[in-house]
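Visitor: Got chain B sorted already, so can you dock chain D onto it with the hints?
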Amino acid sequence: MDQLTDEQIVGAILNGDKDLYREIIKRYEKKLSHYLLKFLSDRDDMEDILQVVFIKVYKNLYGFDVGKKFSSWIYRIAHNEAVNYLKKRKSGRISLDDVEYKLIDEKADIRRAADKMFLKEDVEKVLNEMDIKYKEPLVLFYFENMSYDEISDILRMPKNTVGTLIMRGKNSIRSKLEEINKKHER
Amino acid sequence: MNDEKLENSIMGKIKSGKVKLKSKYVFLAEKLGLGTAFALSMLLSILFFNLIFFYLKETDNLKYLSFGKFGIFAFLESFPYLLVVVFIILIVLSGYLLTRSDVSYKKPFGYLAIGMVLLIMIFGGVLTYTNLGQSFEKQARIGNESARIFFKPLTDIRNNGMAGVVFEKGEDYLILQTPQGLRRLETKSVENMPTVEKGQFIITVGQGGQFNFKATKVRLTNKEDIPSIDRGINFKFGKFDEKNPNIPPELLQFSEEEKSCIKQCFELKNGPSCFKECHK
Numbered sequence: 012m013d014q015l016t017d018e019q020i021v022g023a024i025l026n027g028d029k030d031l032y033r034e035i036i037k038r039y040e041k042k043l044s045h046y047l048l049k050f051l052s053d054r055d056d057m058e059d060i061l062q063v064v065f066i067k068v069y070k071n072l073y074g075f076d077v078g079k080k081f082s083s084w085i086y087r088i089a090h091n092e093a094v095n096y097l098k099k100r101k102s103g104r105i106s107l108d109d110v111e112y113k114l115i116d117e118k119a120d121i122r123r124a125a126d127k128m129f130l131k132e133d134v135e136k137v138l139n140e141m142d143i144k145y146k147e148p149l150v151l152f153y154f155e156n157m158s159y160d161e162i163s164d165i166l167r168m169p170k171n172t173v174g175t176l177i178m179r180g181k182n183s184i185r186s187k188l189e190e191i192n193k194k195h196e197r
Numbered sequence: 186m187n188d189e190k191l192e193n194s195i196m197g198k199i200k201s202g203k204v205k206l207k208s209k210y211v212f213l214a215e216k217l218g219l220g221t222a223f224a225l226s227m228l229l230s231i232l233f234f235n236l237i238f239f240y241l242k243e244t245d246n247l248k249y250l251s252f253g254k255f256g257i258f259a260f261l262e263s264f265p266y267l268l269v270v271v272f273i274i275l276i277v278l279s280g281y282l283l284t285r286s287d288v289s290y291k292k293p294f295g296y297l298a299i300g301m302v303l304l305i306m307i308f309g310g311v312l313t314y315t316n317l318g319q320s321f322e323k324q325a326r327i328g329n330e331s332a333r334i335f336f337k338p339l340t341d342i343r344n345n346g347m348a349g350v351v352f353e354k355g356e357d358y359l360i361l362q363t364p365q366g367l368r369r370l371e372t373k374s375v376e377n378m379p380t381v382e383k384g385q386f387i388i389t390v391g392q393g394g395q396f397n398f399k400a401t402k403v404r405l406t407n408k409e410d411i412p413s414i415d416r417g418i419n420f421k422f423g424k425f426d427e428k429n430p431n432i433p434p435e436l437l438q439f440s441e442e443e444k445s446c447i448k449q450c451f452e453l454k455n456g457p458s459c460f461k462e463c464h465k
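Protein sequence lines correspond, in order, to chains B and D.
Residue numbers for the first sequence, in the numbering used here: 12 to 197.
Residue numbers for the second sequence, in the numbering used here: 186 to 465.
Isolated chain D (complex conformation):
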């Protein structure tokens, strides 16, 4: 195609209306959309950074690492994977949107990315002075699905480690108040078992389900070190009160007959009176 041919071909298309100028509003909308998406992804990145920071600081997750190799599974089990994955996706998305925006025009991406991450960390850090994390945690505990899904490792029953308040102390066992409810803990295999008192906060690693957790290590701790667990227990049981009556041990160790009776109560949804009947 010679020069004139190309020129005429293009001009012909323009004049005939086959090729039209895109409306300026399309570009305006594109710019606005890009700006809004970037702002939104940055805000969400800040929120998620704050939630991860809050989770690691206030829950028992990092405390399990102090048990060394014994605490690894408990740490992995209680790690907030979804929060971290979503945060990484948001960071990548923010970076991508940044490269598409005019702000990044001819500027080195490395510096911009560092600036962006710093901004997220600073604002996310500042947010820890608000009670945003606690509100989110509360929503997760009361069963708000969108909050619970991110805090699942905190609200669900754990099988490799737990933290809670000693509710009852017996020979080779402890009953703990945890945010997930009462849990029975076998302490037979614990070497160097510390002296624990009722009302004391402990953190433990081991293995097992809700009623047959076999502890391998137990350590005393303070509620200030795991404020989220403290709040979880208060949410579940109310404030710990020394005057609370002990739970009769027989309530925790049901016979097979009682178990099937309780199961029936659940299925028939007959309420507390039915459970009482089972126990007679």
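Chain B extracted, bound-state conformation:
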């Protein structure tokens, strides 16, 4: 079973083997919960949305273009649901675990802006205040470890635009952390 690709599993489900959808759920449940929690503050809400995502994915399996990556497609559906949720409610709060904090600290090179050690809470605060336009590609790139190509598939935008948004997001984090740093110094 593990050797089957997502696309092959989808093909088999469409040929009548509904049980195989369990495998899709197993493969994506953790990944999608992790992703959704970056936008949704409430864990219960996240679980409800996750269920909606899996049901939507199943219902729309015939709409999946087999020539494209299934992972991008399922993330796209999760992304749409998260955006719809955020439209209805106040923006969710990002909470970073230590690994994630280290990741963004190293990858986004935030300390280059000022040779100071920032608190994890500062980075969380900056990420939470960030426009969703920049937050989404940053989350996908840094926390979901996705390539520009995959992000461009999920967010339906050209690769160059993904690169630009990530770069601007990164710069925005740096400059906001610099401001926080100055405040700390005073």
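Hints listed in this document are in silico derivations from the structure and should not be mistaken for laboratory results.
From a predicted model like this one, the values you see are computed outputs, not experimental measurements.
A hint or two may mislead.
Unchecked claim - For lysine-lysine, the following BS3-like pairs were computed, each having C-alpha atoms within a straight-line distance of at most 30 Å:
| id | chain 1 | residue 1 | chain 2 | residue 2 |
| --- | --- | --- | --- | --- |
| 1 | D | K203 | B | K67 |
| 2 | D | K292 | B | K79 |
| 3 | D | K291 | B | K170 |
| 4 | D | K444 | D | K461 |
| 5 | B | K29 | D | K205 |
| 6 | D | K373 | D | K383 |
| 7 | D | K198 | B | K29 |
| 8 | D | K291 | B | K37 |
| 9 | B | K70 | D | K291 |
| 10 | B | K99 | D | K291 |
| 11 | B | K41 | D | K203 |
| 12 | B | K41 | D | K444 |
| 13 | D | K205 | B | K80 |
| 14 | B | K42 | D | K200 |
| 15 | B | K70 | D | K292 |
| 16 | D | K207 | B | K37 |
| 17 | B | K79 | D | K209 |
| 18 | B | K144 | D | K216 |
| 19 | D | K198 | B | K37 |
| 20 | B | K79 | B | K41 |
| 21 | D | K190 | B | K70 |
| 22 | D | K207 | B | K67 |
| 23 | D | K292 | B | K144 |
| 24 | D | K354 | D | K408 |
| 25 | D | K203 | B | K80 |
| 26 | B | K70 | D | K203 |
| 27 | D | K200 | B | K67 |
| 28 | B | K42 | D | K292 |
| 29 | D | K399 | B | K80 |
| 30 | B | K29 | D | K207 |
| 31 | B | K42 | D | K242 |
| 32 | B | K98 | D | K292 |
| 33 | D | K207 | B | K99 |
| 34 | B | K70 | D | K198 |
| 35 | B | K79 | D | K216 |
Guide: Just chain D, lined up with the frame of chain B:
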């Protein structure tokens, strides 16, 4: 909800038939519908671009701008607003449908939009070599409501400017053949009135209704510059013929008694003999 719970809950719904796969024909129909709607909105955008281009090129609308500030109202009055508004709506709709289609997948919308607009302009421009615009204009003149509604500023009486052929020249007045019919034009207040001859095309700005238009500026023009007006006049009066008898001025300036008599003729629908009687 733990992982297994979620998994079982979803699988339970699938197995019980509460959650079903949407038919592949639904997606096929969606794709076809989207494609058809996009093609249709593009075709209509091309048609409307062509009509706007045709209108601005062939009618007197843009010519009023040559009068400077005096021509602004005439320009605004004869501007084809509805054509432009519908065209903009169609462009926006085409753009929206384009973003929903597979063609735009991961491509920068800016370039696609520029490409789309260029395509509309090129095909709309090519259409000017056909007589589509003229056919549409003809339909508007013969009273086809769906065509007339878009060309209303061309077919309706205007109060701030007009163009036409000099039918009669008198002291301080001109009678013009226009696509809307004969119109009397007072030229008393026109500075630098050009010498006009019968049969000459003129364009004028001023103010007033059908029979009491007070011109402020008059300019000579050629029928080639305003072919739509020429066609409109031919449609209304037939080809201009020098041998046409003049309209007796008294026909244009009715007395109050005559006016009420004519009004009655209209109301009773008594026809031409009734009008003759009024004039005796």
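Visitor: Tell me, which hint numbers fail for this structure?
Guide: When the structure is compared with the hints, numbers 12, 29 and 31 turn out to be violated.
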